Amino acid sequence: MASLGAVGTAAAGCSRGGGGSSDSGDGSTLQFTWWGNEVRNENTQNAIDAYMEEFPDVTISPQPGEWASYWDRLATQTAGDNAPDVIQMDMAYISEYGQRGALLDMSEHGADTSKFIEGTVESGIIEGSLYGINAGINTPTVMINPAVFEAAGVDIPDDMTWTWDDWRAVAAEITASGEATGSSSIVSNDAMFSAWLRQQGKELFLEGNQLGFSVEDAQAWFEMMLEWSNDGAIPSASQIEEDASKPLDQQDFIVGRTAMSMVWSNQLEAVEASGGNERRLLRFPSIDGDAMERKAWYKASMLWSVSATSPNPDEAVELINWWVNSEAAAEIERAERGIPPNGEISESIRDLLSDPQQRVAEFIEAIEPELAETPIAPPPGGGQLGTIMQREGNAMLFGDSNPADAAQAFHDALTAALG
Amino acid sequence: MSALSELSKLKSKGPVTAEQRAARRKEASHDNKAGYLFLLPWLVGLFVFTLGPILASFYLSLTDYSLIQSPNFLGLDNYARMLTDDRLHQSLQVTLTYVGVGVPLQLALALGVAVLLNKGMRGLAFYRSIFYLPSMLGGSVAIALLWRQIFGTTGLVNQILQLLGFEATTGYVSDPDYALWTLILLNVWTFGSPMVIFLAGLRQIPTMYYEAAALDGASRISQFARITLPLLSPIIFFNLVLQIINAFQAFTQAFVVSNGTGGPSDSTLFYTLYLYEQGFTRFDMGYASAMAWLLLAIIAMFTAVNFLLSKYWVFYDD
Numbered sequence: 001m002a003s004l005g006a007v008g009t010a011a012a013g014c015s016r017g018g019g020g021s022s023d024s025g026d027g028s029t030l031q032f033t034w035w036g037n038e039v040r041n042e043n044t045q046n047a048i049d050a051y052m053e054e055f056p057d058v059t060i061s062p063q064p065g066e067w068a069s070y071w072d073r074l075a076t077q078t079a080g081d082n083a084p085d086v087i088q089m090d091m092a093y094i095s096e097y098g099q100r101g102a103l104l105d106m107s108e109h110g111a112d113t114s115k116f117i118e119g120t121v122e123s124g125i126i127e128g129s130l131y132g133i134n135a136g137i138n139t140p141t142v143m144i145n146p147a148v149f150e151a152a153g154v155d156i157p158d159d160m161t162w163t164w165d166d167w168r169a170v171a172a173e174i175t176a177s178g179e180a181t182g183s184s185s186i187v188s189n190d191a192m193f194s195a196w197l198r199q200q201g202k203e204l205f206l207e208g209n210q211l212g213f214s215v216e217d218a219q220a221w222f223e224m225m226l227e228w229s230n231d232g233a234i235p236s237a238s239q240i241e242e243d244a245s246k247p248l249d250q251q252d253f254i255v256g257r258t259a260m261s262m263v264w265s266n267q268l269e270a271v272e273a274s275g276g277n278e279r280r281l282l283r284f285p286s287i288d289g290d291a292m293e294r295k296a297w298y299k300a301s302m303l304w305s306v307s308a309t310s311p312n313p314d315e316a317v318e319l320i321n322w323w324v325n326s327e328a329a330a331e332i333e334r335a336e337r338g339i340p341p342n343g344e345i346s347e348s349i350r351d352l353l354s355d356p357q358q359r360v361a362e363f364i365e366a367i368e369p370e371l372a373e374t375p376i377a378p379p380p381g382g383g384q385l386g387t388i389m390q391r392e393g394n395a396m397l398f399g400d401s402n403p404a405d406a407a408q409a410f411h412d413a414l415t416a417a418l419g
Numbered sequence: 001m002s003a004l005s006e007l008s009k010l011k012s013k014g015p016v017t018a019e020q021r022a023a024r025r026k027e028a029s030h031d032n033k034a035g036y037l038f039l040l041p042w043l044v045g046l047f048v049f050t051l052g053p054i055l056a057s058f059y060l061s062l063t064d065y066s067l068i069q070s071p072n073f074l075g076l077d078n079y080a081r082m083l084t085d086d087r088l089h090q091s092l093q094v095t096l097t098y099v100g101v102g103v104p105l106q107l108a109l110a111l112g113v114a115v116l117l118n119k120g121m122r123g124l125a126f127y128r129s130i131f132y133l134p135s136m137l138g139g140s141v142a143i144a145l146l147w148r149q150i151f152g153t154t155g156l157v158n159q160i161l162q163l164l165g166f167e168a169t170t171g172y173v174s175d176p177d178y179a180l181w182t183l184i185l186l187n188v189w190t191f192g193s194p195m196v197i198f199l200a201g202l203r204q205i206p207t208m209y210y211e212a213a214a215l216d217g218a219s220r221i222s223q224f225a226r227i228t229l230p231l232l233s234p235i236i237f238f239n240l241v242l243q244i245i246n247a248f249q250a251f252t253q254a255f256v257v258s259n260g261t262g263g264p265s266d267s268t269l270f271y272t273l274y275l276y277e278q279g280f281t282r283f284d285m286g287y288a289s290a291m292a293w294l295l296l297a298i299i300a301m302f303t304a305v306n307f308l309l310s311k312y313w314v315f316y317d318d
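Sequence lines, in order, name chains A and B.
Heads up: the first sequence is residues 1 to 419, going by the working numbering.
Heads up: the second sequence is residues 1 to 318, going by the working numbering.
Please keep in mind that the hints were generated in silico from the structure rather than gathered at the bench.
Nothing here was measured: the structure is a model prediction, and the numbers come from that model.
Watch out, some of these pointers could steer you wrong.
[What the hints assert, rightly or not] Just some of the chain A residues that point at chain B, by a computed CB distance under 10 Å:
id, residue
1, Thr78
2, Asn82
3, Glu223
4, Ala244
5, Arg280
6, Arg334
7, Thr387
Glycine included, C-beta positions come from ideal geometry on N, C-alpha and C.
Isolated chain B, as found in the complex (with noise of 0.2 Å):
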């Protein structure tokens, strides 16, 4: 707005007579009214489809709303009761384990193929579609059923187990011990979206220093580490942020490959998934919208100490 209006004052340069001005105010008025007619459906869905559930779920969390009675007010008892449900720490656990582990193997093999398509190989477009055709796919439910067979009992990981001479029988995903991390192997494996804004920004670092430092004799590596990751450190940043959050609220991989249990043994059980299961299975939506409120403390939490963080290690060119 400040900059659109400087910009007016030094177009309007000499004197401006009243009537001048006033037509200037009308015009603008009415530029304003179609920006906003413009804007309306926007706006219809944010007030009506967003903020208003939003609040809804606020008071809802404060409620015994079962979804089909009417709610009655209960105060904080839901937020209470988060601190003696076992299944809600265990969901935590299983989320920050996902986060924790999940996000930083997802983003270190992103820009690990990154650097090497940023070689200028032939067939590049190619390549980067391959790599980043998962991403599209990952969250969807055909992945995830397909998942649920190659790491079934009878599924493609152990068949060429068994061709290399091991006793594999159990299926990875339906064992405790293995099925979070077939999940988290299904997350890494998506790793396209943040390949391609890695590419991008790769592409933005001027060759010059790596000329300059190859003539100083640098290495492949220290000109890694000391040119590449200072001068991508922003997009990591970025890339770090937006896959923390994405993590956080992964529902439909877990919701499909356990059939909406979380199970066996509640190893997948999700933070979503169990939200899910307060609301629409247990009909337990005051709990469910404070799980919600949670939820986004903790997104909140995670997203403020990565920005206090990153005055660290994040590095401006400007």
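So that you can see chain A by itself, here it is in the shape it has in the complex (with noise of 0.2 Å):
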């Protein structure tokens, strides 16, 4: 009876009115919930421990996890009536837990995000209220592997100028030269779809919980998808589907056997630590070949958020505070979490950073001038956008279904996960 099991499990969570963790009396307990690494572990046990000394009067009580369980876990707390006070949080499950009520609006508490650099608090803003604060800066990137570049005598491409059709031209030239797959696939990558549909005036998400594109819009993504696959310019639907299943050191193009891939940009040092050599950070293209016109953004790597039923309000976003505008946490987390989305402290850090992170510091500060508008959390159900993709685009690569048919049934389905 395993499947009543998991049912059950969290049925019996829901016992309502159950132990609250406010400590009145010598200062309060927080509960601090983060998935995480063994270095990110680390540091922000260190940092919780800084804190405790800095402020004696407020014990943190930690709770690290993994990504795979982390989810199940918050979501059977929160329906528990015990989320933990301080949550890290992601932009696929923000709104998932905004809008029903689980998180609190962190501006009326006297959350400071004042020296923020432009475009980095809106991540975390929904419908008005400030439901997550922005932990780290990030930004997707076509990370190039210059050794493949090298073997396979293909120049690398001036990403100032390229176009998507540069993109696969380059990838299908380095297929052909039998070094490597030209480029990982970016089939259901909902960034670099994201990318090209804002390059023409649209956008995944609209305020609402509407879509920002049509039938049509995905039809012509898939379309453009096929002739990559056609043209060599990324790997078989097979080995699509593996390699999304596989944790990231052992995916393709980190162990090589593609040149090119969407990467985010705080996985630089983690990518270049498993593969064993440089890699480089490109802009993603254009459709006119002009960066300037190309619709980056700053995402956020992750969100500090507060539970809306923390009997500590004030005392969690005073913490958050501090984990995102002193140096004494920038010193110890330094960019692990991306770069601090505080202007003046990722300056005051920059010294202690490794060369991949100043790296990528350097091409966060170098693509300000292209920035346009931080596109709006994935509403309630929006997090499966990436999976319906992969489900329905795949279909079409293994030939069982047209564009045409992919591009309905996936933004059918994907209506249907908004509700």
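Since each chain sits alone in its own frame, please combine them into the complex, following the hints.
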């Protein structure tokens, strides 16, 4: 009865009126949860210790987790009315929780984002409420492996002028050389689909839980991807499926089986550490071959949120303020969660950063003139976009459907998911 | 209960005084208390962690419970929605294929190996352990990960095929034409626990039947068909019911192999996987609960049909 058990666990967790965590008297206790890796767990614990030393009347109780089980646990805790006070949040889930009333509007509790770089606060604002504070700046890039380009005898394209067609052509050239496949798949990549839509004046999502693109737009994207596949610019459908289920350090681009891939900027250090050689960040292309028109944006690598039911909302927001605005915290964290969105802070720790982190910081700064508006957070159900796109897009690449049918199915399923 | 009271009647022959009876009652109630005390952990578990959640999930199946907001009553909407849910139908089809193909294959293999092992060879215990091992590991994450490697693009299967001169480049776990079959294969491979039960059943068949048949000149095949199979039929029935129920609930392997998506192209979208997705990825716990009840109904139906049909082929020796 495993399946009933799964539902049953959640149901059992919903006995309401359980223990809150308010310890009045000598200060307050804050439950603090995040997902991470070994480096982040250590940094976070160090920062927590530093905070408790600076503010002895606050006790922080850490709840580290793994991405895979993090969301099950958070959902169950939230359902049981004992969500942690401070929550590391992801863009894919912030509306899910925010719009259902599970998160605090931090602007009403003294959240301080006054020194944040333009375009980095918006990620956490949903229909006027500040549900999440950017924990680190991220931006989509086309990461390349220069060693593969050299071996294939192909020139690295000029990322100020290249187009989507150039990307396909360069990738096909590399594949033809036999050194590696030109590019990892972007068929179901929400960031690249979003960029391509934005360059045509559209968006993935609009306010009011609406899709910002039509079936025809999705069809044009799938047609383009079919062309990439036919040219050999991307791997075969079964390799794409396989790559999508691998952990980062075994993925085709990391191990050198593809020469280019869409990678978020904050992953450069991890990619180089696993891949063993230096990689380069390129701007993603534009339709017209002008980087100033490519509609780049800063995304939050992750966010800090506070539970709506926290007994100590002010203290929780104060802790987040310290985390994003103090040099003490930044010196411990550095850029592990992305480049700090507070400009002064990110300046002050620049010298402490590792070489790849410094290159990311430079890249983030260099693209500032190319920034367009920050896309809104995916509405509830919108976090499904990538999964649905992979299902329908790859069915097309396997030859089980055509771009028109795949686009219709993708659009229908996503609309249903937004409900 | 009744057997026990019969037993106590038998014991207490002769006239019994009122005092003796009272003393016995007291003793018995004392025994009962101790019994219930020892049962208590199990009873708490049953009511708090099994029956309670089952009933709660039935109530939730009639609501739009999202895990985060409090539930609103919908009536039978969730059940009506199942009729038009294409992915639910796909998940049923995948699961039925898995049950319909995987279970007979697994039982046939288990029976075959059990018959071979029953020959009384040397090192029987060793072989029994070797064959049993996979079923202890089969449901585990580690084996599912290993499966993903073996049937991957550059995995062992393709390496062997390439050595033999085939042009094998597709990843079996990532190709919708093969993905489900690799999982069926994984299930068949974990034939150990039905095999051990078959082996125990085979040991129960008196050898005199075979001796008599051999004297009459019956061949090995007809001995198997006319002696082994009929006498083993209760065990076959038991394994069949158990493995069908297990197969309907398959989850871990598909979850790991497809990273929880049921991909490629929903070809491994097991029912439980889709249920999990609705509950924990889409926050639609109401619908997930309704799906759990449909699964319960389907399993109950299959089991009932099994019991009805068993009259025609299961032979009890007593």
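Hints, verified against the model:
Taking 10 Å as the C-beta contact cut-off toward chain B, the hint placing threonine 78 of chain A at the interface holds, the least distance being around 5 Å. A distance limit of 10 Å between C-beta atoms decides the matter here; for asparagine 82 of chain A the minimum to chain B is near 13 Å, and the interface restraint is violated. The restraint placing glutamate 223 of chain A at the interface with chain B is violated, with a minimum CB-CB distance near 19 Å, outside the 10 Å limit. The beta carbon of alanine 244 of chain A comes within 7 Å of a beta carbon in chain B, closer than 10 Å, and the hint placing it at the interface holds.
Given hint, arginine 280 of chain A at the interface with chain B, is violated; its Cβ is 27 Å from that chain's nearest Cβ, farther than 10 Å. Here the hint on arginine 334 of chain A is broken, as its CB sits about 31 Å from the closest CB of chain B, past 10 Å. Of the supplied interface hints, the one on threonine 387 of chain A holds, with its beta-carbon coming within about 6 Å of a beta-carbon of chain B, less than 10 Å.
In summary, the numbered hints that this structure violates are 2, 3, 5, 6.
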